[in-house]
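Going line by line, the protein sequences match chains A and B. All residue numbers for the first sequence refer to this note's numbering, where the first residue is 1 and numbers rise by one. All residue numbers for the second sequence refer to this note's numbering, where the first residue is 1001 and numbers rise by one.
Any given hint could be a false lead.
Unchecked claim - Here are some of the chain A residues that sit facing chain B, going by a computed Cβ distance under 8 Å:
hint, residue
1, Pro-26
2, Thr-33
3, Ile-45
4, Ala-47
5, Asp-48
6, Phe-49
7, Gly-50
8, Ser-53
9, Gly-55
10, Ala-57
11, Val-58
12, Lys-77
13, Ser-78
14, Gly-80
15, Gly-82
16, Val-149
To be clear, the hints were calculated from the coordinates, so they are not data collected in a lab. Treat the numbers as computed from the prediction; the structure is a model and nothing was measured. Every residue, glycine too, gets a C-beta built ideally from N, C-alpha and C.
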Amino acid sequence: MAKADMLGASLWDAYSNKVTTLMNNPQHQGEITEEEAASHGNKLIVADFGAESCGDAVRLYWEIDPKDDRIVNSKFKSFGCGTAIASSDVMTELCIGKTVQEAVKITNIDVEFALRDTPDVPAVPPQKMHCSVMAYDVIKKAAGLYLGVEAESFESEIIVCECARVSLGTLKEVIRLNDLHTVEQITDYTKAGGFCKSCIKPGGHEAREWYLVDILADTRREMDEEKMKAAADAGSKGDFESMTLVQQIKAVDAIVDENVRQFLVMDGGDMEVIDIKKGDEYIDIYIRYLGACNGCSSSSTGTLYAIEATLKEKLSSKIRVLPI
Amino acid sequence: MQVYLDNNATTMCDPQVVEAMQPFFSELYGNPSSLHKFGTSAHPALRNAINQVYSALNASDEDDIVFTSCATESNNWVLKSVWIDHILNGDKNHIVTTEVEHPSVLSTCRFLEEQGVKVTYLPVNEEGIVEAHTVKSFITEKTALVSIMWASNETGMIFPIKEIGEICKDKGVLFHSDGVQAVGKIPVDLQDVHIDFVSMSAHKFHGPKGIGALYIRNSQALSPHMHGGEQMGHRRSGTLNVPYIVGMGKALELATTNIEEKMASIRAKRDRLEDALLELSDTFVVGKREHRNPNTILISIRGVEGEGMLWDLNNGQIGASTGSACASEDLEANTVMLAIGADTELAHTGIRLSLSRFTTDAEIDYTIAHFKSAVARLRAISSSFAVVQPTKGGEAQACEIH
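Chain B on its own, in the form it takes in the complex:
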């Protein structure tokens, strides 16, 4: 058996989505900007995909949802265009974000800092979320934008987006949320919350890779990121990626139909897995379940280094993820793990398991058994569980966490 539990990284493309995309490669291949019937023959499917996305997110007809190549593009677009529109060509100079954003937000913010923008990186609490009152206290009259993720890729924790939206509305500050881990996974109602911009990506909800979108409230101004042929109502240039837009529409429709039911089913499996793993001694999971995406577990296992654990899981055909520095190309500790677990060994022992609606009970059973035996093997090797103590003077010096 092989088990894929890395669905916060990407998901399997639903075969129904692939089927919906199929005609738009070699049959209906026209450019939808063309006036001839080769071009216009794709319009019904595109119109359908747009409707699917608007209705899945309960967006208003006054709003824009612009298809992009991925959420990284959407995040870059918002941050850089707000900089151009409101900082370079306006009287603002400040952006508020968090320490735990995706690299496509954090790296863009660091780039903007190099350009002279002031950026506040809000700290998170022990559950890994930013509290609304913290956001409120850092907004100044010079703040152009607040950018805070809807749900965390690492912990699955859901942020108080509705309260933050109200605060931004009161203060008259633009609010962007990276919704990659929320859209298609938990209910997202864009008329229930006050958000100006939301980024999303299809491959996180069983759509194809290479297609995402940016929601723009009330069709408000935002300089384009990609200049060219002025497709998508002049907002984003580039020939429409017809099969992928159709795929994203289909995927989002499938993900959000009966979403409560789907969540309950994933949650039941996740909770069963989590309960079983917490039977192991010296373990903890980040964040309360009721505030968490129903598919995610970030568990710390004392005495077991993350890359070693990932290795053993991989040997058992289980795909998971770790924030461990040892598993990164550059040995740098995961900043999100450090932000959440500054006083724990989370940065070295965290393992993330993320389920999908395709995860089965049999896979959960298999994972529980294999996970426990991997922990047993690695703890048997681990110095953290050794019995014989060092010779006097042979103790290790205390270590600064890095």
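Chain A with its partners taken away, still in its complex shape:
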């Protein structure tokens, strides 16, 4: 929240001119009949997605040339708000001339991009990104009908945030690599959850199979388990040098927790691991003293030797401890 948030209700101001123009005058709304398609020797596919009771519904019509699977004509009907109608219209436009196999590759991101006036300004405000997702869903459904396969078979990954198209795998990786603790951080790093917000937690605009809160909780739990395991491995002479940086920091933390910290805390101090740098001869562990340790004369002599000796003994003889 800040100055820009002090005045709400500017929803329509955030629509691109293309959205406005197509809402007022959609180019491809209408129907294609069985007879019409047959008269050209083509096959008609009609697919629905959503329902009036959901608040959004779209019906997509494809006239397909069976010789080369090419979509020669396409129309749509939509129950929806302005952005839903404009998204459906652009989706239809993008389908025409493509083969069914090519059309399946059109995503909601392509639809939104095609609605932009300039490449770097979004066509719709974040919460309206949701409308373009239906376009993608109905294309998959139509392609599935034509090819005689399940619509889900076109999706190789589990997509958690449909608006930003962020997969489950990406989310888990980003949480781990950046040690994320909150859903807001996930949104900052990946944009997932930044649009219609349905994927954040149950109870949003639509029900989802995966929610960011659960993914975050599960991944954090896995990370904690790994940390414990790394600590256990380190205790039993796991190979410190071949560990990843994250595992190394966890292993050092575990040794410090077990052997060192209590003595520092007793004297009103503490320490934290800042970084670990692996060289050819040495593994340098950078630490920072906290509280009473900071500036204590022993912190650069006796205490430091004790920490280094413990880590050398438990983890690796190459370790040097450097206070900063």
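Start from chain A and add chain B according to the hints.
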């Protein structure tokens, strides 16, 4: 032509009201709490405004009507001070309200729930109102307050306030009513009904924004919400907002003078508009006309999504309102629409049209024509009215309403 049909959101400030306010900005600008003549020179106008409000509502001289910044403040004041006086510092623990209250009541109740208060949100019938016997059955000996709106902002439906007041009186429970959509729109006689607290807001009856009031029956105790200089008989602190109090008095006087006549005139236009719109197939209006504020229509138009309809009306220079989730900042469906129309598409297709005494017959004619052509255009695009059916297997899965 441009037509404003969103008078339940706010109204045009009557030019006569603006004129009455004018002297109190740069001429008679003294602080009415001062003893010098700069301060006291505003007293006659303030006394007049107080008289205007008391007589418009037929309040007794034993009652307090305290000016506040708006009805949101009045609602917060009652709910939070009843909590402090009767729950935190008393032996009660329960508040009864409805699912269809204004956010200033619902959000405050949710806040109080977080503080440990038990809150019952009464359901409404298919007309969107709470029946008196329902209220009766939920009052317990631990109930501190019943808070039920006088008339609904969304549907215009008028609640059985007199019966609910009698029930609360019998049970010895405090009764608050958010009267924002009633005061200045329908007759309100505070000596004819038993209500302890009534909230109101001037901008709903052609007064200025930023001024409202709280009626407190028989000057009874209620901890102050705003602490400070103890203005308004020690009930609400803050320098008196002289021009706005004068404006509110004038606006309420104008709104309630010959109110039956004004209502009849608005009702005639509203009914004509409603009859014309109901000529469209697959439409329905929430609530019987005789139980409804004479200015309001909440109409559902099958196959036409609310934001899309609002968009087309706006293109035709008509200002209306929708409860559609698609038109909200957070995509959340309007809880009032869900409470009323749980088994219909009302939450996605509802359009609210609200008239005022300034609405003209020409504006109604224009609206009928434009509304019908907007419905025709959007239904031509709508999948709900498409003829060619999906390929076998291409039908949509059923959807949970949310």
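Hint-by-hint comparison with the structure:
This hint holds: A/Pro-26 has a C-beta 6 Å from the nearest C-beta of chain B, less than the 8 Å allowed. Interface restraint check for A/Thr-33: the shortest CB-CB distance to chain B comes to about 6 Å, inside 8 Å, so the restraint holds. Checking A/Ile-45 against chain B by beta carbon gives a least distance of about 5 Å; that is within 8 Å, so the hint holds. The closest approach between the C-beta of A/Ala-47 and any C-beta of chain B is roughly 4 Å, which is under the 8 Å cut-off, so the hint is satisfied.
Hint status for A/Asp-48 relative to chain B: holds, with the closest Cβ pair at about 4 Å, below 8 Å. For A/Phe-49, the suggested interface contact is upheld, since its CB lies about 6 Å from the closest CB of chain B, less than 8 Å. With a cut of 8 Å, the hint placing A/Gly-50 at the interface with chain B holds, because the nearest CB-to-CB distance is about 6 Å. With a cut of 8 Å, the hint placing A/Ser-53 at the interface with chain B holds, because the nearest CB-to-CB distance is about 5 Å.
Annotation: A/Gly-55 was flagged as interfacial toward chain B, and the flag holds, the nearest CB pair being 4 Å apart, inside 8 Å. At a threshold of 8 Å, the smallest CB-CB gap from A/Ala-57 to chain B is about 5 Å, leaving the interface hint in force. For A/Val-58, the interface hint holds, the least distance from its beta-carbon to any beta-carbon of chain B being 6 Å, beneath 8 Å. For A/Lys-77, the shortest C-beta to C-beta distance to chain B is roughly 4 Å, which falls under 8 Å, so the interface hint holds.
The criterion of a C-beta within 8 Å of any C-beta in chain B is met by A/Ser-78, whose closest approach is roughly 6 Å, and the hint holds. Nearest Cβ of chain B to the Cβ of A/Gly-80: about 5 Å, under the 8 Å cut. The hint holds. Evaluation of the A/Gly-82 hint against chain B yields a held restraint, the C-beta minimum of about 5 Å falling below 8 Å. Contact between A/Val-149 and chain B, as hinted, is not supported at the beta carbon level, the nearest pair being about 11 Å apart and thus beyond 8 Å.
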